[in-house]
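K.L.:
These are the residues of each chain, in order.
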Amino acid sequence: MRIRSVRIDSFGAFRNRRFDDLDPGLTVIYGKNEAGKTTLMEFIRCTLFPSQRRKRYPAPSKSDSGMILLDTDAGERIELVRDGGNVREADGGRLPAEMTHLDECTYRSVFAMTPDDLRDSGVISSGDIRRRFVIVPGGDSIQSVLKSIEDERSEYMSPEKRTGRKIHAKISELKDLDERIAESSSVGTDYSDLFARKTILESGITELGKDSAAYSEQRKAANLRASQESNVRKLSALRDERESLSASEAVMPDDKGTYSGLKTRVSGCRKDLDARIAIESESAGCFSGMDPDRFRSLSGKIKELVGKTGEYSELNRRREALSGSVRIGQDGIAKPSGDADDSGAHAGSRRSPVPFLILSIGMAMAFAGILAGIYLAAAGLAVSAVGLLLILRKGKAAPRASVASDPADERIRTDRDALADAEGKLSSMRKELDEVAGMTGIPRSSFREDVAFLSDMAGKAADHERVRRERSDSERELKNAESDLTAFVSRFGGEERFLELEKQSGIRRELDARISALEESIRTSGYEPSAGSPADIPSEADMDRRNSELSRELGDVSSRMSAIVNDADAEALLDRRASGRSELEGMARRWAVLSLAARIANDACDSIYESSAPDVVRSADRYIGLMTGGRYSLFNDLRESDIVVVSGDDRKREDRWSSGLGDQVKLSLKMAVARELSQERPPILLDDVLLMFDSDRKRGACRALLDLAEDMQVMLFTCDAETRDLMEEESSGKARMIVLDAACP
Amino acid sequence: MGADFKFIHCADLHLGRRFSGISKTDGDLGRRLADSAFGSFDRIVDLALSEKADLMVISGDVFDEENETVSTRFRFSKSLERLGIPCFIALGNHDFKRSWEESIPYPDNVHVFQPAPERILMDIRGSPVEILGRSFPSKHTSENLAVSLDGSPGVFSVAVVHCSLETASKDSDYAPCGLSDLLNRDVEYWALGHIHKRSEEHRFPHVVYPGNIQGMDPSESGEKGAYVVTVSNGKVARTDFVPTQGILWQDIRADISGKDLNGLISEIGSEARPGSVISLMIRGKGDLDRMLRLDLDSASDAISSSTGCIVSSIVLATSPESDLGDLAGRNDLISGIVAAADRISGLGRDELLDAICSTKPSADIKHIFAGMSDEELRSIVYDAEMLLVERIEEASG
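Chains A and B, in that order, give the protein sequences. Okay, so the first sequence: first residue is 2 according to this note's numbering, each after it adds one. Okay, so the second sequence: first residue is 478 according to this note's numbering, each after it adds one.
I should point out that these hints are in silico values taken from the structure, not numbers from a laboratory. There's no promise every hint is true.
[As the list claims (entries may be wrong)] The calculated lysine-lysine pairs, modelled on PhoX-like cross-linking and capped at a C-alpha distance of 25 Å, are:
no., chain 1, residue 1, chain 2, residue 2
1, A, LYS199, B, LYS555
2, B, LYS574, A, LYS148
3, B, LYS843, A, LYS167
4, A, LYS33, A, LYS257
5, B, LYS616, A, LYS176
6, B, LYS843, A, LYS176
7, B, LYS837, A, LYS167
8, A, LYS235, A, LYS221
9, A, LYS162, A, LYS148
10, A, LYS162, B, LYS837
11, A, LYS176, B, LYS574
With these hints in hand, go ahead and build the complete structure from the sequences.
P.N.:
Set out below in structure tokens:
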């Protein structure tokens, strides 16, 4: 929006003044004091923005009238007509809405400023301008809100450090708790160790109880031993003696019994044998040098002869009778033999020698047979029988050859035959007897006596044989007994050694008996022979002490175990950790809410800064740069409560500004705000705002205003010729100059 | 005839774990809350005894790794002793360490699975029943533990394992497995643990997460407990969930629109169960917004004493009668703030976390925000925005 012309019909001291062809860029209205600069400016500003102020210069008057012709940026021409206190838009034109929305204070401070308005930064740092440009509406509280958030947030956690604030204090408390819990859960290992220790202690106490009982007994025994010292010494001596005895094989009582039995048996056998020998020798005396075996071997024959004794007597009597009869009938036919017993022998001498030879051979064979074997004996007997038969047949045949033919003769012959037969038989019997007698060597007598003698001797021979057998049995018995004895004692190295050992065993037994008698006597007194010395046995006090040590430790271990099981502390630590974690979570959440609130607020500020603040700030920055020849730039952020200028690395808040710098900054800001305040930018009217600037600053300000005039209409009212000249110079004469005549106020 | 028996399935006991998300620092409350998990397990033992269950399976995370004390172990061991029936435990990512096995041994009725697969054959009233299981080898494992468990045909098999089923969670560090991995393995009941929210993922075979036995923070709201599984003739006949929690967490949403404080309290009271711990999300427009924002603690106390509940947290998503949206149109700082808050609220999760934790020292608490849901994070932005608006308006008079 640009003012093309101003017509004042009546205002203050002005009457019917026109200001045409105002520059759409920069117009300098120069005039000395009282030339009417302020009146012109006031007319423009209170027409463009009707004022509610009562006090103003020039004072309001009902006759105030005039007109301002404006071109909007949209190309619309507006005629603002002032009539007294009213301003109206002529011909249906409308002042842009931005103007109507501005408050007077803002308008005056930003768009129509005097040096006083310039220095009033309140309009920028508070109120609507701040809300709209320096900060958005509602943003005026952002610093305090952000501060309160930051304050609360930093109670929870420092943005840089990990210490000192609630959250990290809680974290470290939890860490401590973790450590304490880890320590307390190492009681699990402790518990296992304690469990093992408890097992050891319990069995230790049980053992100790057993030992204690045993020691008590031993102690009693040891005391007895002390009191039975002499017995013990004797016992010890006996034990030594017993120990010194040969350790060779001992002869046991059984062995001794065996030995005695064997000895008795041997001597019994010997006695028996002696008796048998005496009996045998007595028995042998009956045979007067004859061989008893002959009688025994001929006992059969002898029995036969005994059996024939009766026949022999009968035959002898017959022969006697027949010999008498024969001698009466025929003397001399048969000469009677003197003796009946001899007749047989005599008769034999007349017989053929062959049968006798055969008989002898047979007998010899029979005898040899007895010696050599039963077959030969049988053969021998057979041969003898043949011989005997032949002899007997010859004896019969002879009488038969001499048989008489007459009856007397016949009777004589018959008797003779009978006699011959009797004699034959007798002779045969005698021969048998002779043979037996010859073989046995008996002294001879009559047939009957010889046979009786033979029979007697045969009986004795049988007895003798029995005696001899018994003697032989006794001999064998003795031999067996002796060999048993020898075998027995040989185990001990012979009888002599046995006897020696037996003697030693006896001594040992005696010692053992004495030792055991002594032990028994000591034992019955309650003394334990194997007991040690009382000094070697732990004392009762020792045992009690050890027991109480173990019991104390067991008690300690048990209570530590039960303390672990019932460890309220460990549980309490876990509870504390859990509630600590909950607290930490609560804190963390609150901190997160605060952090995000700060983040959101900053994001909002950034975005607002991005979308609107930059134009103001960028412009202000450019203007301050122009004004200060680039020495200063503007640093501004919604979150900064103060406006800060930067020179190099030096940031200066308002309190460090010189008044000149302060004026420059404020002018820059107001110019920037004026530029950005609305789309339809109203002209900016400056009433000698550079008056207090030094020459350099004036030049800078001129440059800045010329820059601003590129974008909006600037009307600089000044009474300062230097400013006018500088502006002319800086604008290279392009700035429109209006000089108010002093004569025309 | 197949097996006829009953068993109890529970998981994620987290004994000793302290509750989180309670802003009040009341020691007694903390103690009572910590005890409530024990109380819940004791009620599960009671349940096993009253139901004459034949066995119990526990699918991991009996203890809370960092809160396992001798005392918790001791107390659990005593409860198992009281249980008396065979009990099979597969360890999870929180209790894999097997502390104090020797010094505080479990009673003889308890079997803790090894990290290698194990198979235990039982005879229940003449029918064979097989319990398969394996424990977590370490805090994290990407191994699919479940696929190593195969049942025997013709035998009722229960597989006990702590794992992360893809349909329930995307955790790849906690023995991940797919539902298809669990089918056709001759297992009739997959007793799973790890996910704290109860769910029956499949039937025949049954694939069940019983959830944890006690809610531990505001996100674990609703009833918590154990399953009683009835097997009849070798088939799962019933699965009955029995709540045993000592303390109920409730999520309650309320609206201030057109209400004064009493109206708000009565709306909350209509949902809140006395004795429960409630986390509130309050929405709506109204004059109450200003009052709540000025003195939330007093409001919380009033809600608590009127409803008989513990108020664990209140998220305010309220606004004054005039909407922030209205403010956005204004050409002033408030509108700038609304626009800036909208921009921050629209940031991605990571950017938002960075926006919150932009200073070096704040790295120490970033994990707290990383653990929050998107909704919680946005509520911080909203609170920040409201705080600014209030303060600016207050300062501007």
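K.L.:
Each hint: holds or not?
P.N.:
Outcome of the hint check:
Note on LYS199 of chain A and LYS555 of chain B: the hinted pairing holds, with a Cα-Cα distance of about 20 Å set against a maximum of 25 Å. Our distance criterion of 25 Å between C-alpha atoms is broken by LYS574 of chain B and LYS148 of chain A, whose separation comes to about 51 Å. Proximity of LYS843 of chain B to LYS167 of chain A is assessed by CA-CA distance (about 16 Å); at most 25 Å being required, the pair is judged to hold. With a C-alpha separation of about 174 Å, the suggested pair LYS33 of chain A and LYS257 of chain A falls outside the 25 Å cut-off, and the hint is violated.
Restraint check for LYS616 of chain B and LYS176 of chain A: satisfied, since their Cα atoms lie roughly 22 Å apart, inside the 25 Å limit. Distance check on the hinted pair: LYS843 of chain B and LYS176 of chain A sit about 16 Å apart at the alpha-carbon level, within 25 Å; holds. A C-alpha spacing of about 16 Å is found between LYS837 of chain B and LYS167 of chain A, which places the hinted pair at or below 25 Å, so the restraint holds. Restraint check for LYS235 of chain A and LYS221 of chain A: the C-alpha separation of about 21 Å stays at or below 25 Å, so the hint holds.
For the suggested pair LYS162 of chain A and LYS148 of chain A, the alpha carbons sit about 19 Å apart, so the restraint of at most 25 Å is met. Of the supplied pair hints, the one linking LYS162 of chain A and LYS837 of chain B holds, its CA atoms being roughly 8 Å apart against a limit of 25 Å. Taking the CA atoms of LYS176 of chain A and LYS574 of chain B, the gap is near 23 Å; set against the 25 Å cutoff, the hint holds.
The earlier numbered hints that this structure contradicts are 2, 4.
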